[in-house]
Structure formats: C-alpha cells, structure tokens
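Chains U and E supply the protein sequences, listed in that same order. Here our numbering is used: position 64 in the first sequence is 64, and no number is missing along the way. Here our numbering is used: position 234 in the second sequence is 234, and no number is missing along the way.
Don't read these hints as lab results, they were simulated from the structure. Don't take each hint at face value.
Said to hold, decoys possible - Across the chosen pairs, the derived CB separations fall in these ranges: (1) E:Leu69 / U:Arg18: 31 to 41 Å; (2) E:Leu69 / U:Ala130: 47 to 57 Å; (3) U:Ala245 / E:Ala217: 34 to 44 Å.
This structure is a prediction, so every number in the text was calculated from the model and none was measured. C-beta atoms are modelled at their ideal positions from N, C-alpha and C, and glycine is treated no differently.
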Amino acid sequence: MTPRVTFAVATRVLAQLRRDHRTVAMLIVLPAVLVSLMWWMFQDSPTTFDRIGGPLLAVFPAIIMFIVTSVATLRERSSGTLSRLFTMPMAKLDFLLGYALAFALIAVVQAVVVVSISLYALDLDIQGAAWQLGVVAVLDGVLGTALGLFASAFATTEFQAVQMMPAVMIPQILLCGLLVPRDDLPDVLRAISDVLPLSYAVDAVAGVAQGNGFGSGAGADALVVLAFILAALALGAATLKRRTA
Amino acid sequence: MMKNAAAVVCRDVVVVRGEREVLHGVGFDLRTGSVTGLLGPSGCGKTTLIRAIVGLQAKVTGQVEVLGLPAGAPKLRGRIGYVTQEPSVYGDLTVTENLRFFAAVLGVGSDDVGRVIDAVDLRSHADVRVDQLSGGQQSRASLAAALLGNPELLVLDEPTVGLDPVLRRDLWKLFHRLADDGATLLVSSHVMDEASRCDRLLLMRDGDLLADETPAALLESAGTADLEQAFLVLIDQKAGAR
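Build the full structure now, drawing on both the sequences and the hints.
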C-alpha cells in the first residue's frame with residue numbers, strides 16, 4: 001500500500017463526483033428528505049419519531065452509500081481502467097481505500113445535513129451530544145461505502161452488483177432493531193443480529209440518542225462499526241482479482 | 001541492455017477460458033527494441049495473449065516471461081504500458097486530469113503529462129472531457145496514459161482503430177521512435193496493411209501461431225506481393241498439411 005496512490009484514487013473519485021451533480025445531490029439530500037418524510041408520517045405521535053428517528057440516521061446513509069459504491073468497481077472493470085491500474089504499482093487496498101476516503105468525505109457532508117435537519121428542523125429529541133450523533137452518522141455512511149465496495153468486488157457485472165442491495169442490506173435493516181427491538185427477537189434471530197454490522201450502527205445511534213455518550217456503551221458500538229468497515233475493505237481487497245478469465 | 005536480448009519470452013502458452021482452450025501452446029520471443037505486429041482475425045486469441053503478457057489473464061500455463069520476470073510479477077508494475085481495446089480512461093474527466101491521475105499512481109512527475117499529450121497530438125484537446133472526444137481522440141488519450149513514465153514494454157491492443165491515415169502514419173512513426181530509444185512494442189491489429197510497418201510479425205489464427213517472421217521473409221516464403229495474400233496462402237498451407 002502506498003499513501004500517494006490511495007490519495008490519487010481518492011482525489012480522482014472526488015473530481016469525478018464533482019462533475020456528477022445528480023449523484024452528489026442524491027447522496028447529500030436524500031437521507032435528509034427520507035428522514036423528513038418519516039417525521040411527517042409520525043406527525044401525530046412525536047414520541048415514535050423520537051424513537052426511530054435516531055436509528056434512521058444510521059440506516060438511510062448506509063443504504064444510499066451502499067448502492068452508489070456497489071457499482072463503482074464494476075464501472076472501472078467494464079471501462080478497462082481497472083485493468084490499466086492493475087498493471088501499475090497500485091495495491092488492491094489502495095484502490096478500495098481511495099474510494100472509501102472519497103466517500104467518507106461525502107459522508108461527513110451528508111451527516112452534517114441530515115443531523116442538522118433532524119435536530120433543528122424536525123425537533124428530533126435526543127439526550128446525547130449532537131456532535132456524537134454526527135460522528136456516528138459519518139461512520140454509518142462509511143460502513144455503507146465499505147460494504148458496497150466489498151459487494152462490488154464479488155459481483156462480475158453491474159447487473160449483479162445492484163442485486164446485492166436486497167441480498168446484503170434488507171436482512172440487516174429487518175434485524176437491526178428498527179422494527180423490533182433486538183432483545184425481543186427470537187433467540188436465533190437475535191444471535192444473527194449480533195453479527196450484523198448495521199445492528200451496531202443502530203445501537204451506537206440509539207445509545208447517543210438515549211444519552212449514553214461515547215464514554216458509556218455507544219463508543220464501544222461505534223468501534224465495532226469501525227472494525228466492520230476495516231474488515232469489509234480488507235476482505236474486498238482480498239476478493240478483487242487482478243487476473244480474470 | 002543488450003539490443004538483441006528478448007523482452008518477452010513465451011513458450012507453450014496455453015490459456016483456458018471457461019471450458020474452452022483459446023490458446024493452444026503459443027511460443028515466440030519479442031526482441032528488445034523492436035516493434036512486433038500481432039495480427040489475425042478478431043476472435044483468434046490476440047487479446048487473450050496480450051492479457052497473459054501483462055499478467056491479467058487467469059488460467060495461463062506454460063512460460064510467459066516479461067523483462068526477465070514471470071508475467072504479472074509485482075516488480076513489473078509500472079514497467080509495462082498497456083492499452084486495452086476500449087479506451088481505458090475516465091470519460092467524465094479531461095485528458096489532462098486523466099493523465100495527472102495515472103502519473104500520480106505511477107509516481108512520475110506531472111511534467112511527463114505534457115510530453116505524452118504532445119506525443120499523441122492532443123494538445124488542442126487537453127482540457128476537454130474525454131467523453132466529448134471522438135473515438136480516435138479517446139484511444140489516443142488512452143495511448144498517452146500508457147506512455148507515461150517511459151515503460152520498457154508497450155503492449156497495445158488495436159491502438160490505431162478508427163484513426164485517419166495521417167494519424168496512423170504519425171503513430172507508427174512514434175512507435176518506431178520509442179523502439180529506437182530501447183522500448184519493446186507489441187501492437188495488435190486486424191488490419192493487414194499495418195503489418196508492413198512492423199519489424200516482425202506474429203500471425204495468429206484460432207489460438208495458434210501461424211507465422212513468426214519479418215514482413216519481407218513472410219512475403220518471400222508465401223510468394224505473394226502483399227501481406228493479406230501471404231496470410232491466405234499460409235492458412236491454405238496449414239489446412240493442406242493437416
């Protein structure tokens with residue numbers, strides 16, 4: 001791995017995103033729009049919104065980042081640019097980390113927008129600190145990015161990559177505690193939810209929302225999310241093949 | 001470096017794709033500092049052979065040695081310039097942005113970017129987005145990226161498709177200039193009239209190497225006036241020998 005190459009990839013991805021206004025708008029505005037929609041749906045029961053509003057800050061950024069990044073490496077494969085890069089001194093991890101860094105920057109903007117709107121426009125009531133909610137929202141966006149890159153390394157066509165979203169993300173959304181608290185799940189499902197990254201993403205947000213700051217519980221959940229991010233990138237790099245049929 | 005040392009050595013190269021064997025034991029040397037044409041109809045295995053040499057092809061058996069190392073060795077990365085058939089550059093970036101990126105990955109200075117833009121005659125379009133260029137301009141942008149950092153081996157998969165005759169002539173001059181400076185070039189084409197511009201020719205058909213000759217020797221042995229005819233005679237001879 002070479003920092004020079006990682007940064008070159010990140011800078012290039014950002015330069016491409018700068019030209020693609022529609023994608024940037026989707027990434028930054030969409031989570032805030034979806035949270036606003038939920039707020040409107042639960043207008044008559046604000047306590048429900050206070051309960052699920054936090055977890056949504058974890059779920060929406062993760063899903064949206066997943067979809068965008070899951071086609072990223074496939075695009076490079078079909079254009080031939082990945083072949084060219086593989087004949088150059090670029091480690092596979094340079095490539096994935098470069099993408100992750102670029103999208104992490106987008107995730108920061110995304111988190112600032114969605115957290116600000118949730119707290120100040122939609123009056124989401126949380127006990128913890130706003131900045132901690134922001135940090136966790138960024139981590140969750142990066143988690144979606146890393147899982148998307150991992151899925152992307154598995155797929156051989158863009159068509160297959162898009163199908164990864166229902167396969168990888170929907171089970172996690174069902175089991176992450178948003179619909180049924182994880183403690184109330186049947187034992188087997190509870191055990192499965194314990195090994196899914198989105199569960200920890202939602203726990204971290206819920207922890208901050210309930211006033212358990214990074215010092216008490218939420219910090220550990222956030223670290224687990226970080227570990228999942230690093231593992232997904234490492235596994236993605238291991239799965240990406242230089243030599244193909 | 002010795003001028004007649006081989007930059008690429010292939011022996012009994014067999015490649016299997018899916019269930020099918022697409023190269024059936026190909027062998028040849030590429031002399032350092034030469035321009036070799038890889039010719040044959042589309043589907044004959046040219047691209048597969050090229051991908052085996054640059055180390056991107058799976059399921060290769062036999063010997064493929066590049067610059068004294070096994071093909072695909074990490075130490076070869078950056079010493080080989082590879083141009084794929086599709087222009088492998090980013091359509092949503094300008095020519096200069098593309099080249100700056102690849103230069104950064106290679107670790108070569110950005111002054112090299114200007115040099116390769118001039119080499120492929122894209123100065124007037126340096127700041128145009130690649131997806132707004134013509135097909136020929138796009139493939140020249142792709143070629144420019146392969147020239148960054150003066151690689152010792154250039155492997156070019158159909159680099160002159162869709163170019164006008166003047167540009168093709170200029171690019172072949174460039175190829176020979178690079179070879180004179182010590183680089184080794186392997187240039188694939190399915191256009192026979194490009195064959196005469198090569199120092200040596202590899203003729204392929206259905207995953208086999210039919211000939212490994214100089215253009216003059218090929219014409220002489222086939223007894224024909226042009227290389228297209230020579231290719232047909234060779235195919236008939238092989239068919240007769242079976």
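Comparing the hints with the structure gives:
1. Taken as a hint, the range 31 to 41 Å holds for the pair Leu69 (chain E) and Arg18 (chain U), whose Cβ atoms sit roughly 39 Å apart.
2. Distance hint check: the CB atoms of Leu69 (chain E) and Ala130 (chain U) are about 56 Å apart, consistent with the given range 47 to 57 Å.
3. For the hinted restraint 34 to 44 Å between Ala245 (chain U) and Ala217 (chain E), the CB-CB distance of approximately 35 Å keeps it satisfied.
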